[in-house]
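Take my numbering: the last position of the sequence shown gets the number 285, and nothing is skipped along the way.
Treat the hints as calculated values from the structure; they're not laboratory data.
Don't take every hint at face value.
As the list claims (entries may be wrong) - Here are the computed distance ranges between Cβ atoms for each label pair:
#1 I138 / M174: 45 to 51 Å
#2 P180 / K236: 52 to 58 Å
#3 P46 / L201: 40 to 46 Å
#4 A119 / I196: 26 to 32 Å
#5 L256 / L30: 21 to 27 Å
Glycine included, every Cβ here is placed at the ideal spot set by N, Cα and C.
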Amino acid sequence: MHYWLSQLREAPLSAWIGILLVTGFAILALFAPLIAPFPETAVVGPQYHPWSATHYLGTDALGRDVMSRLIYGARNTVGIALVTTALAFLLGASLGLLAATTGGWFDAIGSRVVDILMAIPSLIFALLILTITGTSVISLILVIAVLDSTRVYRLSRAVAQGILTMDYIEVARMRGEGLPWLIRREVLPNAAAPLIAEFGLRFCFVFLFISALSFLGLGLQPPTADWGSMVRESAKLISFANFASWQSATFGLAPLLPAGAIALLTVAVNLIVDWVLHVSSGLKE
Numbered sequence: 001m002h003y004w005l006s007q008l009r010e011a012p013l014s015a016w017i018g019i020l021l022v023t024g025f026a027i028l029a030l031f032a033p034l035i036a037p038f039p040e041t042a043v044v045g046p047q048y049h050p051w052s053a054t055h056y057l058g059t060d061a062l063g064r065d066v067m068s069r070l071i072y073g074a075r076n077t078v079g080i081a082l083v084t085t086a087l088a089f090l091l092g093a094s095l096g097l098l099a100a101t102t103g104g105w106f107d108a109i110g111s112r113v114v115d116i117l118m119a120i121p122s123l124i125f126a127l128l129i130l131t132i133t134g135t136s137v138i139s140l141i142l143v144i145a146v147l148d149s150t151r152v153y154r155l156s157r158a159v160a161q162g163i164l165t166m167d168y169i170e171v172a173r174m175r176g177e178g179l180p181w182l183i184r185r186e187v188l189p190n191a192a193a194p195l196i197a198e199f200g201l202r203f204c205f206v207f208l209f210i211s212a213l214s215f216l217g218l219g220l221q222p223p224t225a226d227w228g229s230m231v232r233e234s235a236k237l238i239s240f241a242n243f244a245s246w247q248s249a250t251f252g253l254a255p256l257l258p259a260g261a262i263a264l265l266t267v268a269v270n271l272i273v274d275w276v277l278h279v280s281s282g283l284k285e
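Could you build the full structure based on these sequences and the hints that come with them?
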């Protein structure tokens with residue numbers, strides 16, 4: 001922790017921009033009920049009300065406040081993506097490190113199962129499973145976590161195999177250290193940097209994947225606020241926008257607001273990941 005704090009003081013401007021943006025989204029997600037001017041699902045005005053002092057970003061097709069739903073969308077979309085990514089890492093990294101350390105039949109069977117899952121396009125597989133099991137939040141988290149854990153498995157296994165060739169691993173084995181000790185005390189600390197960087201990248205992919213499923217109607221279900229479904233619901237307003245009038249022009253901006261939030265968070269996380277990779281690689285400017 002002290003090492004990363006010292007590196008943070010010397011972080012470039014791009015990393016600080018990413019950190020500030022991610023912190024802002026985190027504050028919105030944690031304190032959404034206190035920040036949002038209206039409840040998440042409350043009908044508070046007429047349909048498609050333009051931007052005004054009462055509704056800063058207008059209202060949607062049901063008369064719900066768009067700004068409030070964007071804030072609650074940060075809690076729902078980002079929160080579920082974070083839980084899903086953490087579950088995918090817990091599953092994929094644990095099995096990957098275990099497979100690399102034990103080898104043998106466990107490694108062979110695990111790798112073949114992962115190869116089969118990775119051969120199937122993730123979006124098509126997720127659509128199929130969610131159509132069968134239903135689109136509850138639990139199903140969404142489990143399906144995406146299992147699919148994404150395959151990528152984490154391959155990375156953690158490859159990193160661990162490189163570490164296991166080092167001399168200090170042989171010394172630990174000669175001392176009679178057991179498998180749990182090797183993974184916890186030798187392999188995992190040395191694999192932490194690339195896994196931390198991969199966590200950020202995986203979060204972006206999961207976040208975009210959930211938004212894509214919601215856009216297709218198989219992600220978070222109404223009336224839950226979600227950025228992907230908000231893009232789908234407001235996309236038709238672009239055809240009604242008249243940029244000669246400010247109030248009419250706001251209709252064309254409606255789908256760009258959740259889409260912009262998705263893009264901004266993705267860029268922010270990638271800025272942090274780039275800095276983490278730079279620090280962990282030992283490269284200097």
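Results of checking the hints against the structure:
1. I138 / M174: 45 to 51 Å: The hint (45 to 51 Å, Cβ to Cβ) holds, given that I138 and M174 are roughly 46 Å apart.
2. P180 / K236: 52 to 58 Å: 56 Å, holds
3. P46 / L201: 40 to 46 Å: 43 Å, holds
4. A119 / I196: 26 to 32 Å: 28 Å, holds
5. L256 / L30: 21 to 27 Å: 25 Å, holds
Consistency note: the structure conflicts with none of the earlier hints.
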